[in-house]
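Participant: Here is what each chain is made of, one letter per residue.
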Amino acid sequence: MTEVRFMKAVNQALSDAMEADPSVILMGEDIGAAGGSFKVTRDLLDTFGSERVYDTPISEAAIAGMAVGAALTGARPVVEIMFMDFVTLTMDMLVNQAAKARSMFGGQGSVPMVLRTPHGGGLNAGPQHSQCLEAWFAHVPGLKVVCPATPADAYGLLRAAIDDPDPVIFIENKALYAAKGDLPDRPEIPVIGKARLARAGTTATVVSYGAAVQWALDAAETLAPEGIDVEVLDLRSLQPWDEAAVLASLSKTHNLVIAHEAVEAFGIGAEIAARMADIGFDELDGPIVRVGAPFAPSPFGKTLEAAYRPTANDIVAAIRRTLD
Amino acid sequence: MTPDDRKTLYRNMLLIRRIEEALRQLFADGHVPGFVHLSIGQEAVPVGVSSHLRDSDTVSSNHRGHGHTIAKGVDPSAFFAEVLGRATGLCKGRGGSMHVADLSKGMLGANGIVGAGLPITTGSALALKIRGKGDIAVVYFGDGALAEGLLHECFNIAALWGLPVLFVCENNGWSEFSPTANQVSFKLQALAKAYGIRYAAVDGNVVTEVADGAGKLIDRMRKTPAPTVLECATTRVRGHFEGDRQDYREAEEVAGLDARDPLLLARRAMTDVDAAWFDTIAREVEAEVAAAVAAAKEAPLPDISDITADVYTTEEVRA
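Same order as they appear, the protein sequences are chains A and B.
With the numbering used here, you'll find the first sequence wraps up at 420, consecutive numbering, no jumps.
With the numbering used here, you'll find the second sequence wraps up at 1047, consecutive numbering, no jumps.
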């Protein structure tokens, strides 16, 4: 067991995957010689060479499309899109090509590609470098979407994503890159689609993912002295998402909060709330409450951004509301 | 090129022509769901190019992709079944005319998005270059796609990385319903030159010219991977899609199309072949197409219960 930073866990997963499978190649802007905007791919060019690690021009649509073509031709490309905001430029290739190929071609093949990209605020990076756009992808049949909260899961889920025969959007929260956590010497490779119990509790369930998992844990600690015992579920995977685990937790606590950094409206929380209001209706003792960013672009100014992003206090307030 | 090579080229063009004509009739009779874009008049391009391709080379196509598909060696029966939306189709009736694919033949799919085949092919070429067996990737695109921004991105990357992509532009002068002259401000030759990409132009309706031109380029690409542009001047006889009355075309232009018919031009050049051979080939091809059509019409329709089966790869397939 070693304590590593989140970004190192991602780097280690890429390195181990490339070691294990010669068909894995990396493509992205400044990922080679520069080691990536956030230094996540540091040293990989030196280790694996320019036939495995490709510094691409600033051509997001082409990079994504090339990953589709390379994947259909036997490679396992892992693409980095420098900020999740830039996925707008890749959408045709992800939505119309990667996501559809297997079904549209009658199951003849698949598109084993991974698109890694950082989301989230906290850097005062402004409206075009801070967004959490994961709900868009979770809405598209054929794509998988994962978003780890810990270094161990960053490692395990990325290995699982690279091994996966289907296209996976792998989302790294920028605020987590420096976070430390234990990485086992022989890490478990989780199945994509299984939630992780981050904290067991009996009074209310908070379902979350990515950076918001820590905020939920902080909220749980805040409420613990009052005898409010909060269970925190880390979804880890948003598409597919672990409906059974959420329902089981709701059936235990009977109160549900869903918290994410993304804009609340039409987000991941909306889907979970809708499903639980349907299949978990009889278990609910209070309203399902969502916590997310307001319906406005992510602002740049320091005080504005701090006020814009959800916090542990917002989750505390949401838990109190559902328990009221 | 031997006389037999010319005969093969002719036969392959005739097969595509008869397939397109059969689809025209099937569409008119209500047997083909959705949109159909026919490549009548453009058969010489894929036939000429494919005469130098092998199964391990890859091809990406576009909405007008029937000829590209058949020329790559895809089985006409499975093709018809797909275009008619049958369970026995190449894509189980889920793709149709605009999404026909046969990965076993290196046919990476027709495409409903103009220009989308460009990066897919460029990426395929990267994988082929890494594999190092001299295989190449071919993308067929129309002059309408010259207006897509991805062309720039792909030319740039393919040139920088020396990728074995053959960019085949089928220039029929029409960007859907508009003359390309009103849509595109540059010449493809000048664009290729700007990127340092080798460029060749052929009469895309003269199959021997396409085959010879493509053959020289492909031979070089197999030895030294590099992107190459082959611009083929050709003719779109039918509308953008079936049902398009083409009111926007001048009568003179339409009247000139017959004289440019690639089958007519090929036959005229085959002075050493007697009429009996052409009759025999016509009967063979017509019988083959008729059998494929009949089988497709008899084939079962897909079952909706199967609809989520291939959205993701199942654990069973993974194992």
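Simulated from the structure, these hints should not be mistaken for lab results.
Be aware that a few hints might be false.
[Claimed, not checked] Subject to a maximum C-alpha distance of 20 angstroms in a straight line, what follows is the list of computed SDA-like cross-link-like pairs (lysine to any residue):
| hint | chain 1 | residue 1 | chain 2 | residue 2 |
| --- | --- | --- | --- | --- |
| 1 | A | Lys290 | B | Gln753 |
| 2 | A | Lys290 | B | Thr1042 |
| 3 | A | Lys348 | A | Phe391 |
[As the list claims (entries may be wrong)] The following residues of chain B were derived to be distant from chain A, with all beta-carbon distances above 12 angstroms:
| hint | residue |
| --- | --- |
| 4 | Lys820 |
| 5 | Ala1022 |
| 6 | Asp1038 |
[As the list claims (entries may be wrong)] Partial chain B-side listing against chain A, Cβ under 8 angstroms, derived:
| hint | residue |
| --- | --- |
| 7 | Leu754 |
| 8 | Leu919 |
| 9 | Thr1041 |
Ideal Cβ placement from N, Cα and C applies to all residues, glycine included.
Participant: Indicate, hint by hint, whether the structure satisfies it.
Facilitator: Consistency of the hints with the structure:
no. : hint                    : in the structure
1   : A:Lys290 with B:Gln753  : violated (52 angstroms)
2   : A:Lys290 with B:Thr1042 : holds (16 angstroms)
3   : A:Lys348 with A:Phe391  : violated (32 angstroms)
4   : Lys820                  : violated (4 angstroms)
5   : Ala1022                 : holds (22 angstroms)
6   : Asp1038                 : violated (4 angstroms)
7   : Leu754                  : violated (20 angstroms)
8   : Leu919                  : violated (16 angstroms)
9   : Thr1041                 : holds (4 angstroms)
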